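Each protein sequence line maps, in turn, to chains A and B.
Our numbering puts the last residue of the first sequence at 281; the count rises by one with no breaks.
Our numbering puts the last residue of the second sequence at 1255; the count rises by one with no breaks.
It is worth saying that the hints were derived from the structure and are not from the lab.
Among these hints, one or two may not hold up.
Stated by the list, open to error - Derived pair list, reagent style SDA-like, types lysine to any residue, alpha-carbon separation capped at 20 Å:
id	chain 1	residue 1	chain 2	residue 2
1	B	K1166	A	T130
2	B	K1166	B	S1201
3	B	K1166	A	D144
4	B	K1166	A	S140
5	B	K1166	A	T139
6	B	K1166	A	L148
7	A	K45	A	P228
8	A	K45	A	R191
9	B	K1166	A	S91
Stated by the list, open to error - Footprint (simulated), chain A over chain B, 3 or more residues, beta carbon under 8 Å:
id	segment
10	1076 to 1085
11	1139 to 1152
Nothing here was measured: the structure is a model prediction, and the numbers come from that model.
We put the beta carbon where it would ideally sit given N, CA and C, even for glycine.
Residue strings, one per chain:
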Amino acid sequence: MTGKVIEAQSLQGLFQDGMTIGIGGWGSRRKPMALVAALVRSGAKDLRIVSFGGPDVGTLCATGQVREVVHGFVTLDSIAVDPHFAAARQSGAIATTELDESMLVSGLRAAGRRLPFEVTRTGLGSDVLTVNPQIRTITSPYEDGETLVAMPAVPLDLALIHLNRADALGNGQCLGPDPYVDDLFARAAARTILSAESVVSTRELTEGAHPSTLLLNRTMVDHVYEAPGGAHFTTCLPAYPRNEELQREYARAASDPALWERYRAEYLENETIWRKEAVHA
Amino acid sequence: MPETLSTATRAEIAVAACSDLFRGQHDILASPAGIIPTLGARLAALTHAPSLMLSDGESTIYGDVPALGGVSEFSAGYLPYRELFELIAAGKRHVVMGGAQIDREGNHNFSAIGDHFQPHRQLLGSRAAATNTINHATSYWIARQSTRSFVRDVDFVTGVGANRAKAAGPGAARFHHVHRVVTNLGVYDFSGPGGTMALLSLHPGVPLDEVLDATGFELHVPETIPATRLPDEQELRLIREVLDPAHRREQEVSP
Chain A
1 MTGKVIEAQS
11 LQGLFQDGMT
21 IGIGGWGSRR
31 KPMALVAALV
41 RSGAKDLRIV
51 SFGGPDVGTL
61 CATGQVREVV
71 HGFVTLDSIA
81 VDPHFAAARQ
91 SGAIATTELD
101 ESMLVSGLRA
111 AGRRLPFEVT
121 RTGLGSDVLT
131 VNPQIRTITS
141 PYEDGETLVA
151 MPAVPLDLAL
161 IHLNRADALG
171 NGQCLGPDPY
181 VDDLFARAAA
191 RTILSAESVV
201 STRELTEGAH
211 PSTLLLNRTM
221 VDHVYEAPGG
231 AHFTTCLPAY
241 PRNEELQREY
251 ARAASDPALW
261 ERYRAEYLEN
271 ETIWRKEAVH
281 A
Chain B
1001 MPETLSTATR
1011 AEIAVAACSD
1021 LFRGQHDILA
1031 SPAGIIPTLG
1041 ARLAALTHAP
1051 SLMLSDGEST
1061 IYGDVPALGG
1071 VSEFSAGYLP
1081 YRELFELIAA
1091 GKRHVVMGGA
1101 QIDREGNHNF
1111 SAIGDHFQPH
1121 RQLLGSRAAA
1131 TNTINHATSY
1141 WIARQSTRSF
1151 VRDVDFVTGV
1161 GANRAKAAGP
1171 GAARFHHVHR
1181 VVTNLGVYDF
1191 SGPGGTMALL
1201 SLHPGVPLDE
1211 VLDATGFELH
1221 VPETIPATRL
1231 PDEQELRLIR
1241 EVLDPAHRRE
1251 QEVSP
């Protein structure tokens, strides 16, 4: 198994200061937390993070690596607002581009299609347009003449995605209930790092599952990293549910720098071992 | 009056008012946020709106009408987020959103409180409020009506009100429809002067003064004010015995 498979020590070299990084998953569900931990250890800073946000965004806010977050929300699902993100917003430490969820979908889709924008009705009348004057409207060239939103493309330097299984070619298999828009992140990105619970042969990927479960194909993926428990503490169904206890510990750490330092040392500095143990416990 | 009717709680009255949001609606997705609207949508599906489509709020369309917190026995379809956005754009939905603030024009905010660029309280963000309100019917559930939630001006417009939709042109107003607002005190619609918020009914036992004290803008009050209807016996049985035997509705509105 060589091909696109990389080892942990190779991850750090893929991150650079100032990058625009898109992160797959949704809220506190199937977030590529092992890749986020590698990004933390790389020390890359001044990042622009694009995400249907959860603890991926909150973690990078807490470590001070974020310049700007492009998002529609940053939630932990069972905790309505990520407290690390809230603290960064309320202190003015980060800039944000706040979008409607479907506008972010449109922006990623336009980038993947190599188009400058996608037309949508969404955003009209809302303050998403007021606070984002870079988003322009367009007049339909047809007889309806409607004014609509030209949602600009959201191209990414790098996409980070976690799925259930992958192969060395760069196929990625989603066995959970929702693919979210991970394929759009991969298409929008110049390079994509895919982590997976397990890396298996291509034959094994489709032996017991329909090919439609292969959300990503080799044209969308550059690097494959085997990370058992790689979404932990967020969900990676059917493999594991959210670890609510650990999520509460993460959230509590927003209230006290000492708690955060402990969380960071225990769960981000050397996460490979505990992730495996947490999932196979 | 049978005894069950005389003892309907405020929470149960609010559930019936939320059920009525879906009256006359067929083959659309009902997307309620919060306990009372969720019970309302399920009550509607079990009574007057049997073809209403319900989901788990994630990727599964329910085949049955499960109890609150209960397990659905079978699925009637697949609705991952990407498909939900397609369904919204096609207009086949009525959403009931919660919110931190709403104004008399029906503009809504659950993004953050204070200045957008450095809020003093970060809330949910924009979520899908802009796409919901511009594409299909929207109602609101405000569990605690007060001058902090019924405000003169919202801090940030997430859900679009009629005045803003109209100002943004025919493309914005075409499918815009804010239907009603249900709170712990009453039911409202937008039949006031210039399409502003009007009191539609007071929940039984709520004096008008309490509503006016809990409203931070000029509310249109009609000459005669009906009382919000009581749930009938079948509805009360469904709420109490089938949908919410654990009384979770009382977490949002105390009995």
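Verification of the hints:
1. In summary, the hint linking K1166 of chain B to T130 of chain A is supported, as the alpha carbons are separated by about 16 Å, within the 20 Å threshold.
2. Simply put, K1166 of chain B and S1201 of chain B have alpha-carbon atoms about 27 Å apart, too far for the 20 Å limit, and the pair is violated.
3. Between K1166 of chain B and D144 of chain A the alpha-carbon distance is near 16 Å, which keeps this suggested pair within the 20 Å criterion.
4. Only pairs whose Cα atoms come within 20 Å are accepted, and K1166 of chain B paired with S140 of chain A is accepted, the gap being roughly 17 Å.
5. Restraint check: the Cα-Cα separation between K1166 of chain B and T139 of chain A comes to about 16 Å, which is no more than 20 Å; the hinted pair holds.
6. At most 20 Å may separate the alpha-carbon atoms for a hinted pair to count; K1166 of chain B and L148 of chain A meet this at roughly 13 Å.
7. With a C-alpha separation of about 27 Å, the suggested pairing of K45 of chain A with P228 of chain A is violated against the 20 Å cut-off.
8. Our distance criterion of 20 Å between C-alpha atoms is met by K45 of chain A and R191 of chain A, whose separation comes to about 18 Å.
9. Restraint check for K1166 of chain B and S91 of chain A: not satisfied, since their Cα atoms lie roughly 36 Å apart, outside the 20 Å limit.
10. Closer than 8 Å: that is the beta-carbon criterion, and the segment 1076 to 1085 of chain B has 4 residues meeting it against chain A, so the requirement of 3 holds.
11. Counting residues of the segment 1139 to 1152 of chain B whose beta-carbon sits less than 8 Å from any beta-carbon of chain A gives 0, not enough to reach three: the coverage restraint is violated.
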